[in-house]
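K.L.:
So you can see what is in the structure, the chains are spelled out below.
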Amino acid sequence: MNFEFSAEQVQLREQVRRFLDQHSSSAAVRAVLDGPPPYDAGLWSGLADMGLLGIVIPEAFGGLGLSYLELCVVAEELGRALAPVPFSSSVYLATEFLLATGSESQKRAWLPRMASGDAIGCLALVEGPGPIRARLVKAQVRNGRLSGTKIPVADGDVADFAIVAAQASEGLSLFLVDLAAPGTTRETVSTIDPSRSHARITFDGAVAEPLGPAGHGWPIIEDVFDKAAVLIAFEQLGGADKALEMAVAYARERMAFGRPIGSFQAIKHMLADMYVSAALARANCYYGAWALSTGAAELSQAAATARVSATQAYQHCAKNDIQVHGGMGFTWDLDCHLHYRRSNLLALSLGSLSQWEDRLVDCLKGAVA
Amino acid sequence: MNFEFSAEQVQLREQVRRFLDQHSSSAAVRAVLDGPPPYDAGLWSGLADMGLLGIVIPEAFGGLGLSYLELCVVAEELGRALAPVPFSSSVYLATEFLLATGSESQKRAWLPRMASGDAIGCLALVEGPGPIRARLVKAQVRNGRLSGTKIPVADGDVADFAIVAAQASEGLSLFLVDLAAPGTTRETVSTIDPSRSHARITFDGAVAEPLGPAGHGWPIIEDVFDKAAVLIAFEQLGGADKALEMAVAYARERMAFGRPIGSFQAIKHMLADMYVSAALARANCYYGAWALSTGAAELSQAAATARVSATQAYQHCAKNDIQVHGGMGFTWDLDCHLHYRRSNLLALSLGSLSQWEDRLVDCLKGAVA
Amino acid sequence: MNFDDTPEEAAFRAKARAWIDANAPRQFEDELRSAYYASLGITSEDPIPHAKAWQAKKAEAGYACPSWPKEYGGGGMSPIERVIWEQEEGPYWLLSALFMIGHGMCGPTIISWGDEAQKQHYLPPMITGEKVWCQLFSEPVAGSDLAGLRTRAEPAPDGSGDWIVNGQKVWTSNAHLSDYGLLIARTDPTVAKHKGLTAFLVDMRSPGVEVRPIRQANNNRDFNEVYFTDVRITDANRLGPVGKGWEVALTTLMNERLSIGSMIPTGFPELFAFAAGLETIDGPAIEDRAVRSKLAQWAVKASGLKYTALRGISALSRGENPGPENSIGKLVAGTMMQEIATFALDLQGPAGILTDKAVSPADGWFQVLLLRSPGSRIEGGTDEILRNVIAERVLGLPGDIRADKGMAFNQIPTRAS
Amino acid sequence: MNFDDTPEEAAFRAKARAWIDANAPRQFEDELRSAYYASLGITSEDPIPHAKAWQAKKAEAGYACPSWPKEYGGGGMSPIERVIWEQEEGPYWLLSALFMIGHGMCGPTIISWGDEAQKQHYLPPMITGEKVWCQLFSEPVAGSDLAGLRTRAEPAPDGSGDWIVNGQKVWTSNAHLSDYGLLIARTDPTVAKHKGLTAFLVDMRSPGVEVRPIRQANNNRDFNEVYFTDVRITDANRLGPVGKGWEVALTTLMNERLSIGSMIPTGFPELFAFAAGLETIDGPAIEDRAVRSKLAQWAVKASGLKYTALRGISALSRGENPGPENSIGKLVAGTMMQEIATFALDLQGPAGILTDKAVSPADGWFQVLLLRSPGSRIEGGTDEILRNVIAERVLGLPGDIRADKGMAFNQIPTRAS
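Protein chains in written order, with the working numbering: chain A, 1 to 369; chain B, 1 to 369; chain C, 1 to 417; chain D, 1 to 417.
Hints are computed from structural coordinates only; laboratory data are not their basis.
From a predicted model like this one, the values you see are computed outputs, not experimental measurements.
Using N, Cα and C, we set each Cβ at its ideal position, and we do this for glycine too.
Among the clues, some could well be false.
Claimed, not checked - Subject to a maximum C-alpha distance of 35 Å in a straight line, what follows is the list of computed DSBU-like cross-link-like pairs (lysine-lysine):
(1) B:K365 - A:K365
(2) C:K357 - C:K52
(3) B:K365 - C:K357
(4) C:K357 - D:K195
(5) A:K365 - D:K357
(6) C:K405 - D:K357
Stated by the list, open to error - Per label pair, the in silico range of CB-to-CB distance:
(7) C:G399 - D:T229: 56 to 66 Å
(8) B:K138 - D:N219: 48 to 58 Å
(9) C:S39 - A:G295: 24 to 34 Å
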């Protein structure tokens with residue numbers, strides 16, 4: 001039995017961390033948060049150069065052909081570093097949709113360009129408030145033309161193509177849409193975390209290329225979401241750990257009443273509870289990583305477990321990181337709010353906590369029955 | 001505006017507290033908890049002598065004809081003192097059913113004897129696990145004869161008569177059943193809090209005297225439960241306050257690491273949080289008392305608010321009272337477990353927390369609509 | 001136990017209501033009712049002139065600073081009349097946000113500690129809204145440990161008796177709009193930290209005072225840093241004796257807690273309304289039992305806060321002072337606000353991240369709340385300080401062990417060893 | 001990352017499983033599987049002889065005390081073999097509850113601190129189950145502050161080198177069933193509290209040892225008070241040097257934390273099974289979204305604990321020591337157990353108060369849990385102590401300020417001033 005990452009994977013982590021320390025610094029994140037660029041193009045091409053955009057893409061399509069465990073390691077580091085790049089959209093989602101259900105020619109057309117960072121993909125699924133449900137998708141494709149409005153679309157303003165969920169005559173189906181082609185209008189929308197770009201995309205007769213069998217969109221979405229949930233859980237885990245570390249470091253340094261504030265039990269115990277939630281989330285993420293990398297039957301259960309656990313751990317650690325920092329923690333200049341924003345953003349990507357709780361209980365019921 | 005008890009009511013409280021300090025001491029409670037007597041008969045007759053069994057019973061029926069505010073004051077003290085007597089069954093429930101829907105002759109027959117402590121009433125409603133719902137009542141009355149099994153019945157083993165909910169041809173109805181008459185078998189059942197006696201009562205053709213209009217049982221039960229919920233909330237409030245006081249006193253005295261444990265923030269803040277929940281519960285109980293005593297239209301809302309708030313405050317304070325006491329708190333000899341038991345018992349009397357949460361939201365919806 | 005006015009109270013209420021009906025700036029009523037937390041109330045126009053105009057009007061009619069002595073222009077009302085006035089003023093109360101520091105904290109402190117000249121000079125224009133005040137207490141190194149502040153006030157070398165102030169304050173609301181500030185500075189670093197402080201009234205237009213807005217985590221700029229560089233204050237503007245600055249500060253902080261009207265919002269009414277109106281694909285959100293359970297939990301807390309406040313008002317009307325029990329309001333509301341905002345976003349699903357009013361559910365109200373709420377658990381006393389206050393002052397538990405007890409201020413360690 | 005055995009591990013597992021199949025007391029399997037928390041496992045018969053018989057059988061086959069040296073009768077297994085053994089032993093592991101203090105705590109301490117004579121004398125009969133051990137640490141005045149213990153050991157006045165012990169211990173599991181105890185006593189009250197302690201191995205049948213059961217809050221009697229009145233212990237039974245009792249105790253407590261197999265239950269699998277089978281008038285309980293939300297919350301905690309333990313086993317199998325991170329298991333499970341019991345009763349409605357197996361839903365299992373659970377947040381380190389351990393030893397935060405730091409033990413205040 002081995003329930004830890006291998007020595008090679010740990011080495012990969014160190015390499016990625018060193019790279020991100022340099023290229024996804026607070027200043028780099030803030031340049032996106034505060035400024036016009038929708039993502040950090042330099043960081044993106046650096047990740048591409050390291051091959052990290054194609055970790056699970058087969059070598060035949062220009063990727064590294066490694067396992068999901070390596071991708072989990074990278075995801076954790078990206079979350080820790082708040083990397084302001086369209087990684088999750090392009091790698092966890094668009095790539096996975098192509099791998100799961102793309103035709104050979106679609107894979108050939110896009111995967112090599114995605115691995116090299118030349119093309120960015122995104123998922124256009126959500127159409128406003130509410131849970132993620134097949135029935136809530138109103139966009140439709142008739143005669144190969146797509147109409148409808150998707151909001152929010154993570155990285156929709158910077159992606160080259162979108163995987164679009166839309167109603168076809170056979171039911172909910174997936175389509176691949178070139179976002180540079182006519183019939184597509186996109187505008188950036190503001191969110192609680194401007195360090196990750198989001199768009200509203202209006203399709204009005206855009207050419208939509210079928211992706212996978214018509215009418216089978218929903219089960220494919222569910223499968224890809226299970227995988228993406230594990231990967232985003234690792235991002236959340238990385239963020240939670242980083243927020244905890246920031247809080248611990250501050251509590252050891254900051255003096256009040258003639259002693260470090262970390263010597264007060266109120267602060268110590270708050271930090272201990274943060275550690276506990278992050279440690280439980282880590283264990284659950286590893287469970288998810290194991291299920292993802294082995295293709296275990298319980299992937300859905302493991303994914304929902306990792307997702308719920310990591311979502312709450314990150315929200316918990318990020319909000320109390322501010323609390324430990326006191327007034328300073330509520331300033332723009334400190335990085336606490338970057339994690340607070342990101343923790344709340346990631347909590348809603350892929351659907352709300354309540355929806356994942358529901359899914360988890362369904363899985364557990366199935367496991368018992 | 002006045003949102004506190006009056007000077008007279010405060011005086012009543014002091015008088016009752018002095019009496020209970022003497023007659024509902026820890027030793028008295030333990031005599032019932034540990035011993036054969038199902039309740040403290042001496043305490044019961046003492047309460048009768050003070051007129052407290054008939055506070056809201058009109059003078060015409062041998063009561064004091066006072067307001068519900070006085071009853072709230074007494075309830076809080078009884079809860080504080082863990083009084084091992086069938087007060088809630090006889091006074092908050094049986095009395096209220098008679099007042100709400102009893103015929104003149106029923107009132108004449110029972111109220112004076114209840115006010116004097118000569119007769120004890122109880123409510124036989126629940127028939128095993130599940131929420132309190134009209135449809136779950138299976139007991140039935142045919143031709144004036146009652147059949148069915150009620151469990152648990154608070155004070156069912158010591159009561160002289162029961163208000164029984166049963167299905168009649170007109171629907172759920174209420175009946176008054178003399179428990180000494182034939183066709184009734186009762187046995188004491190063990191519960192998490194043996195300081196308050198409970199029974200299983202099996203009716204097999206017992207004579208059942210209609211109480212109130214046939215088929216109107218459910219709305220009457222709901223009305224009486226609103227009132228009883230406020231009164232039991234005051235018992236819970238009294239218990240919560242007492243548990244908090246015990247914990248505070250211990251934290252100030254008990255030394256560890258050369259200092260009182262109450263100087264450690266972990267303990268201080270636990271106690272502060274207990275205080276907060278008790279203080280919020282107090283405010284909500286007063287809201288309930290106001291609604292109860294003025295017959296306000298929002299009584300249901302106020303009752304559910306007081307009930308939910310006080311249930312949680314008592315459970316919170318009682319469990320952390322043990323925690324503050326550490327190992328000692330988990331011994332039989334200290335009184336901490338008496339409150340822990342009572343808090344969990346009262347949390348389920350009148351139905352579960354979830355059921356009251358549901359009712360509260362219904363009321364709030366109604367208030368908004 | 002009743003919520004009814006006495007006949008006198010009813011008469012006062014009727015009079016106040018009639019006056020408000022006739023005089024309030026009704027054009028802002030809707031905007032004030034839906035204002036965001038911690039704003040100056042209106043954004044459709046510059047709020048300052050309207051705030052000052054409403055304050056002046058109230059002062060003229062005797063409704064400004066309701067409980068202050070009439071001789072300085074206050075309302076001279078009884079505590080319960082003050083509460084009635086505040087209830088009737090309703091949404092227009094938000095127009096006073098600009099004056100809250102002055103009226104809630106600086107003014108009462110001057111009334112307690114000022115000499116007659118100071119009262120006559122400073123109180124009337126504070127009441128009429130002509131002069132705006134701020135409070136210069138917190139420093140970067142002195143937050144929860146306020147008595148650890150380092151801004152120095154030293155006797156002017158010219159022997160004039162004036163004081164020369166150097167240092168930095170932080171988290172100063174409205175400093176950029178203020179005419180005066182209530183300052184606590186260290187006049188003797190060689191004695192224990194609580195003993196070496198002195199209070200001053202400082203003209204914010206004095207040379208050497210520099211105000212810089214702080215960009216908060218939520219990207220607002222409601223607070224400021226204030227830098228003092230050789231700022232000269234006459235001894236006539238010293239408030240209270242030299243070395244009694246801590247006692248003066250305590251008066252201010254106690255008054256902060258006493259300002260009953262300033263209950264912070266919980267977000268609950270807004271959440272309930274949102275959930276009640278939200279149709280999901282599974283039916284109305286409010287029929288979802290998980291939603292109901294959370295609503296019920298918050299409902300009893302919101303209700304508990306409301307009736308706790310009413311108990312405080314009852315105490316006032318009996319002539320008693322509400323105690324530090326009121327700390328529970330901020331403690332409970334601060335946490336609730338953050339939890340409610342998080343839950344509201346969850347209810348909205350993936351679109352809950354949107355902040356544009358035009359596309360965000362409920363006009364982005366909960367997103368604003370989410371980003372603002374971490375501050376509410378810190379400002380005016382952190383959750384941890386409030387629990388200490390409750391434990392020590394209400395429950396009588398021992399104080400924390402003081403590492404710096406009895407130490408001269410300049411001997412207290414400033415770095416973790 | 002995988003859960004698979006290596007070939008060697010698989011071979012070991014197969015061997016262990018075959019031996020258990022052939023030798024375990026199968027007649028108790030069902031009873032052991034549904035045993036209550038903190039029981040000796042079986043109640044249908046006296047558990048003691050069966051516990052001893054199973055232990056003796058395991059010792060004969062080399063499966064008792066799996067990781068201890070073979071020379072004293074232990075299994076000499078690698079850490080991972082030990083874990084595999086424990087997994088395979090499954091429900092029969094509960095039969096070892098009687099020996100848990102000896103095997104989990106006293107034995108490892110003797111292995112670390114004992115001289116050869118002590119090891120040879122005490123370890124073999126401990127391993128075979130012939131001798132039962134208890135741990136004599138806690139005292140009425142020394143719980144979380146264990147080093148504050150007051151039981152005295154003084155040199156016998158006869159100059160024999162023996163020690164005379166007087167004092168009182170409390171919360172001693174199985175003292176009434178024990179042959180020996182590991183005792184910490186104070187041999188020098190004039191030095192700092194951690195410095196004046198010494199460890200001893202005490203024969204529980206010695207004259208002057210009196211064991212009295214404690215009636216717990218849940219009406220069980222699993223623990224004892226132990227009184228020492230002039231109990232004589234030879235110096236040969238001193239464990240470790242005089243004055244090193246605190247260090248000996250730390251070894252014991254560290255081993256307590258290391259005993260991975262001893263994870264306390266959370267109640268979650270039982271709650272899930274109960275909720276999954278519960279039909280309410282509104283449909284299956286598990287379709288109620290409020291129920292689902294709570295189940296999901298507890299599910300991820302239970303899962304987190306499970307995989308945290310597996311991470312610990314992974315560390316063992318790599319030859320690393322699991323650290324104090326394991327404290328999270330007890331902290332999380334203790335609280336969960338109490339919340340789950342409360343919620344299960346709530347699901348049962350008014351009948352949730354019933355404790356008779358015959359009439360209580362789920363055979364009264366959750367009622368037993370409710371009444372037992374407050375103890376789980378206290379025994380073996382309170383929630384508060386565990387948070388301190390995590391904060392200080394895992395996160396590296398400063399220790400609490402020590403009011404008694406450096407004070408001679410007999411100068412430490414014992415009453416609140």
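K.L.:
Please write out, lowest number first, the hints stated earlier that are contradicted by the structure.
P.N.:
Hints 4, 6, 7, 8, 9 not satisfied by this model.
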